[in-house]
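This is what each chain is made of:
Protein chains: 2
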Amino acid sequence: MSLVVIGSVAFDGIETPFGKVDKIIGGSGTYISFSSSYFTKSVKLVGVVGDDFPQEKIDLLNRHGVSTEGLQIKAGQKSFFWQGKYHLDLNSRDTLVTELNVLADFDPIIPESYQDCEYLILGNLTPVIQQTVINRLRKRPKLIVMDTMNFWMEVAMDDLRQTLKMVDVLSVNDEEARQLSGEYSLVKAAKKIHEMGPKYLIIKKGEHGALLFHNNEIFFAPALPLEDVFDPTGAGDTFAGGFIGYLAKTGDISFENMKTALIYGSAMASICVTKFGPDALESLTQDQINERIQEFVDLVQFEISLP
Amino acid sequence: MSLVVIGSVAFDGIETPFGKVDKIIGGSGTYISFSSSYFTKSVKLVGVVGDDFPQEKIDLLNRHGVSTEGLQIKAGQKSFFWQGKYHLDLNSRDTLVTELNVLADFDPIIPESYQDCEYLILGNLTPVIQQTVINRLRKRPKLIVMDTMNFWMEVAMDDLRQTLKMVDVLSVNDEEARQLSGEYSLVKAAKKIHEMGPKYLIIKKGEHGALLFHNNEIFFAPALPLEDVFDPTGAGDTFAGGFIGYLAKTGDISFENMKTALIYGSAMASICVTKFGPDALESLTQDQINERIQEFVDLVQFEISLP
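These protein sequence lines are chains L and X, in that order.
Per the working numbering, residue 13 is the first one in the first sequence, and the count goes up by one each step.
Per the working numbering, residue 13 is the first one in the second sequence, and the count goes up by one each step.
Isolated chain L, as found in the complex (with noise of 0.2 Å):
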């Protein structure tokens, strides 16, 4: 059993009304990967870097437990390279420089020690690489999560129908969602993309926490209100990697255990954005998660009996 992730392994430069940094390792592979290394052991990595990628770095990872034999370091090339600022409200932000380099052509390689793949997330890669690595694993896995973004509706529209074809869970921010049905209403949204091919579906709010649709049924997980959030870089992929990291622990993809693998997305993603970059990520204890889950329970527990 393993769980194979595939995503960017970056660089960013991230400016947010609390501070700046130039230039620190980040990308949605390195989130997803960080943040369900908490939950098990058998996290395999499927990417692209420089050898401008500091090597402690991908060290780190694997002393987290982390698989990076897929990972594809270019020597002579250079690291996927992301810089945005964030506005006040810290749910919008502007890209301020996007370069491609080693992602611009990638092809992924699924080593054949992934290839006992039972979870599978598709981090935010164009759709036609999410869709390579599902073909090259010679066994469908038992689950497949795949996250995506608005551009990719936007210059991609029918290589992303196609990959929505192949998955079971998508998780999407709620203006994605908006965009990809073309409904308002989030609850109408959530049945056109059910019809796209996801049984599951994950709308991200930011701070507004997150919701899971499946047939009839919804299930709403808060984002814990912080005094400080300084940088949401990464929170969404932080929570996708709780979520399917739960899942594999657990080896339940029941509705009821995915509320469960939500709250503890949830719980870690309030985690990522009380640092700079994947940094809060990097050393926590069972301890620090568990005290974390706490105040969710704490958070929205009531008592009601009803007549």
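Check each hint, because a few of them may be wrong.
Claimed, not checked - Simulated crosslink set (DSSO-like; lysine-lysine; CA at most 30 Å straight-line):
#: 1; chain 1: X; residue 1: Lys200; chain 2: L; residue 2: Lys97
#: 2; chain 1: X; residue 1: Lys261; chain 2: L; residue 2: Lys204
#: 3; chain 1: X; residue 1: Lys287; chain 2: L; residue 2: Lys217
#: 4; chain 1: L; residue 1: Lys200; chain 2: X; residue 2: Lys217
#: 5; chain 1: X; residue 1: Lys32; chain 2: L; residue 2: Lys204
#: 6; chain 1: L; residue 1: Lys203; chain 2: X; residue 2: Lys200
#: 7; chain 1: L; residue 1: Lys203; chain 2: X; residue 2: Lys32
#: 8; chain 1: X; residue 1: Lys203; chain 2: L; residue 2: Lys32
#: 9; chain 1: L; residue 1: Lys287; chain 2: X; residue 2: Lys204
#: 10; chain 1: L; residue 1: Lys200; chain 2: X; residue 2: Lys204
Said to hold, decoys possible - Label pairs and their in silico Cβ distance ranges:
#: 11; chain 1: X; residue 1: Ala168; chain 2: L; residue 2: Asp106; range: 53 to 63 Å
#: 12; chain 1: L; residue 1: Thr286; chain 2: X; residue 2: Lys97; range: 34 to 44 Å
#: 13; chain 1: L; residue 1: Glu166; chain 2: X; residue 2: Gln306; range: 32 to 42 Å
#: 14; chain 1: L; residue 1: Val33; chain 2: X; residue 2: Tyr196; range: 16 to 26 Å
#: 15; chain 1: L; residue 1: His99; chain 2: X; residue 2: Met208; range: 19 to 29 Å
#: 16; chain 1: L; residue 1: Ala87; chain 2: X; residue 2: Asn227; range: 52 to 62 Å
#: 17; chain 1: L; residue 1: Lys69; chain 2: X; residue 2: Gly194; range: 33 to 43 Å
#: 18; chain 1: L; residue 1: Phe163; chain 2: X; residue 2: Pro66; range: 53 to 63 Å
#: 19; chain 1: X; residue 1: Asn227; chain 2: L; residue 2: Thr286; range: 18 to 28 Å
To be clear, the hints were calculated from the coordinates, so they are not data collected in a lab.
All values reported here derive from a predicted model rather than from experimental measurement.
Just so you know, even glycine gets a beta-carbon here, dropped at the ideal spot from N, CA and C.
Go by the hints and put chain X onto chain L.
Coordinates of chain X only, in the frame set by chain L:
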């Protein structure tokens, strides 16, 4: 024991993306009274209308168990009128017309039969009128809940500060909490607002739910994701009415019981928005309310056993 409600009793003209009504009854006092009447039959309304206000709606309030002895009817004068148009997201709206009419020189009268007031809710009105009502009650109620809006922060901040010192619970929306405190983070805003007087703070976030703050504790009540929201007018007042109605019914003003009260308030609000004006609140059954409550339980309950 009684629950005294003060607020506007009025006409609204409402346009939403789903329809338009030129004139329908509304006002904070109306919504709070209808909503709380499903929990306790000792609701007593303080307000003022012109003789254009339909007697049948006053009779309807009475049949709901709401005393209107404190509702002044001004012969030859017109009721307060508000007209507004909602944007597509229903979270923002433009006010097109405000006619104060009888509200311009409203002097609240507290009938002798209202002096047994144990629960007082001050719907949105000038802070001076809200204060006057508190001062005209011979005995300080067990719990005073106050609603207000950004308009008073702009034109009557000193009065507002004084009134805030006299109440237990303040109910505002997220933008109002930010404006009142000067803090963007709602957790920080809550701390500052606590210092202004209210020991309990409710921050309403519309479709994103509501937060209850007390000391360092936070509780979150979600909003129910709905397929169609027809008209959000009065949702906040309906919410407040369910909240205080449940507290009055149970006689328990502990933080734990306030959590449950918040869920009841959210349930009532989620019903209110499915029809224009207060239509959906006029003839509910206990079963309908219980069904809605069950939807909230299903929406947020999850199983976690921490090691």
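Hints and how they fare:
1. Of the pairs offered as hints, the one joining X/Lys200 and L/Lys97 holds, with about 23 Å between alpha carbons and a cut-off of 30 Å not exceeded.
2. About 42 Å separates the Cα atoms of X/Lys261 and L/Lys204, which puts this hinted pair outside 30 Å; it is violated.
3. Taken as a hint, the X/Lys287 and L/Lys217 pair is honoured in the structure, with Cα atoms around 26 Å apart against an allowance of 30 Å.
4. Simply put, L/Lys200 and X/Lys217 have alpha-carbon atoms about 21 Å apart, close enough for the 30 Å limit, and the pair holds.
5. The hinted pair formed by X/Lys32 and L/Lys204 meets the criterion: a straight-line CA distance of about 28 Å does not exceed 30 Å.
6. For the given pair, L/Lys203 sits about 38 Å from X/Lys200 by alpha-carbon distance, which is inconsistent with the 30 Å threshold.
7. Our distance criterion of 30 Å between C-alpha atoms is met by L/Lys203 and X/Lys32, whose separation comes to about 27 Å.
8. Of the pairs offered as hints, the one joining X/Lys203 and L/Lys32 holds, with about 27 Å between alpha carbons and a cut-off of 30 Å not exceeded.
9. Using a Cα cut-off of 30 Å, the hinted pair L/Lys287 and X/Lys204 holds, with the two alpha carbons roughly 24 Å apart.
10. For the proposed pair L/Lys200 and X/Lys204, the alpha carbon gap of about 39 Å is over 30 Å, so the pair is violated.
11. Hint check: X/Ala168 to L/Asp106, Cβ distance near 38 Å, so the stated range 53 to 63 Å is violated.
12. Taken as a hint, the range 34 to 44 Å holds for the pair L/Thr286 and X/Lys97, whose Cβ atoms sit roughly 41 Å apart.
13. For the pair L/Glu166 and X/Gln306, the beta carbons lie near 41 Å from each other, so the given range of 32 to 42 Å is met.
14. Between L/Val33 and X/Tyr196 the C-beta distance comes to about 21 Å, which sits within the given range of 16 to 26 Å.
15. For L/His99 and X/Met208, the hinted distance range of 19 to 29 Å is satisfied, since their beta carbons lie about 28 Å from each other.
16. One distance hint, 52 to 62 Å for the beta-carbon pair L/Ala87 and X/Asn227, holds here, with the actual separation near 58 Å.
17. At about 40 Å, the beta-carbon gap between L/Lys69 and X/Gly194 stays in the expected band of 33 to 43 Å.
18. Taken as a hint, the range 53 to 63 Å holds for the pair L/Phe163 and X/Pro66, whose Cβ atoms sit roughly 54 Å apart.
19. Distance hint for X/Asn227 and L/Thr286: a CB-CB separation of about 22 Å, consistent with the stated range 18 to 28 Å.
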